[in-house]
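Student: Per the UniProt record's numbering, the sequence shown runs over residues 1 to 347.
Source of the hints: derived by calculation from the structure; they are not laboratory data. You may find that some hints are simply not true.
[Unchecked claim] What follows is a list of derived Cβ distance ranges for each label pair:
id : residue 1 : residue 2 : range
1  : Asp243    : Ser336    : 26 to 36 Å
2  : Glu194    : Gly331    : 15 to 25 Å
3  : Gly331    : Gly254    : 18 to 28 Å
4  : Gly143    : Arg281    : 40 to 50 Å
5  : Arg171    : Arg91     : 42 to 52 Å
6  : Glu8      : Asp89     : 43 to 53 Å
7  : Val25     : Gly331    : 34 to 44 Å
8  : Lys174    : Gly143    : 11 to 21 Å
[Claimed, not checked] The calculated lysine-lysine pairs, modelled on BS3-like cross-linking and capped at a C-alpha distance of 27 Å, are:
id : residue 1 : residue 2
9  : Lys180    : Lys62
10 : Lys174    : Lys40
11 : Lys62     : Lys174
12 : Lys62     : Lys40
Bear in mind that the values here come from a model prediction, so they are computed numbers and not experimental data. Idealized CB from N, CA, C, for every residue including glycine.
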Amino acid sequence: MTEQRPGEHMAAEISQQPAILAGIVERQAEIAEVAEAISKRPPRFALLAARGSSDHAALYAKYLIEVLLGLPCGLVSPSTATLYGARPDLRDVLFITVSQSGGSPDLIEVTETARRQGALTVSVTNTPESPLRAAAELGVDIGAGLEKAVAATKTYSATLLSLYLLIDAVRGGKGADAEKLGELAQQTLDGSEEGVQRAVDRYRFVDRVLTTGRGYSYATALEGSLKLAETSYLAARAYSGADLLHGPVAAVDGETAVLAVTSQGHGVGAMQEVLEAVGKRGADVLAVGSASADVPAALRIGVAPSAEEVAPILEILPIQRIALGLSLARGGDPDSPRGLLKVTKTR
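Given the sequences, and given the hints that come with them, work out the whole structure.
Tutor: So this is what it looks like as structure tokens:
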């Protein structure tokens, strides 16, 4: 039996993403059927429930729902139902639960509760036979295949794309901006390889990393921070660029590495002031995104240009590889991070 190399699963699953994304686009009609059912029961507002990486995907969906559908949208705290017994009136509410495994007890319970309280419940999961799918009225299968690495990579990007196609279809769209995402993902992975290696060499001894982004890219900053923390054990924190200027910037100094997600669109203009501020405080800035060449940074990693709404699906790819590379360079194994299991069950 061949011995498994450190990071083997994570590396393989990162590389699988272009094909997986292309496959999801081909299955767009399945997602559109769920969107049609939602359209027949127009919601007053939407709520999203998730944990971990899926929570970052849910935040991305929150931006999509508010911008593309014009609906108020909030992120649920499952414990209000599971621990405190809250039973709000959820009639005419769209309730979407995002979970790669579909097995966390709190997400299952909060979905069951929402359904009893009148919400139209939708599960978005990589495990269509899971208890979560059984708890929800409707379900979207992200179809990423079995993920062996503990750190979510392909399931995360697949969840983002599935959520985009669902929400776009609710507004009557055909997913045109996502049509070439498989190709763009491959371009991004191929084109960022050298930059990723430079980033690994530059930051392998860093202890403190701050990630930041605005708009849709804020979800990428959060997911990037989690990947760096769980694979390389870095003290990583994520902030919206706006929130960063409201106080945390005071803790930035010459010992701080800042990973800034900057893709073309409304968000990059809002990041200029942020990066100028951290630069003045001596931070070493790594800019990742299709607008990385347009902001002040010590190191830049480009991402294939796309519509702003789908940019997070591409932005995360080189960051996943940076997390993988840093973990290996620091003597770790990102496939076996200490204290973590693939499925985390909370209540």
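Student: Work down the list of hints and note, for each, if the structure agrees.
Tutor: Here's how the hints hold up against the structure:
no.	hint	verdict
1	Asp243 <-> Ser336: 26 to 36 Å	33 Å, holds
2	Glu194 <-> Gly331: 15 to 25 Å	23 Å, holds
3	Gly331 <-> Gly254: 18 to 28 Å	25 Å, holds
4	Gly143 <-> Arg281: 40 to 50 Å	44 Å, holds
5	Arg171 <-> Arg91: 42 to 52 Å	22 Å, violated
6	Glu8 <-> Asp89: 43 to 53 Å	50 Å, holds
7	Val25 <-> Gly331: 34 to 44 Å	39 Å, holds
8	Lys174 <-> Gly143: 11 to 21 Å	19 Å, holds
9	Lys180 <-> Lys62	23 Å, holds
10	Lys174 <-> Lys40	17 Å, holds
11	Lys62 <-> Lys174	20 Å, holds
12	Lys62 <-> Lys40	21 Å, holds
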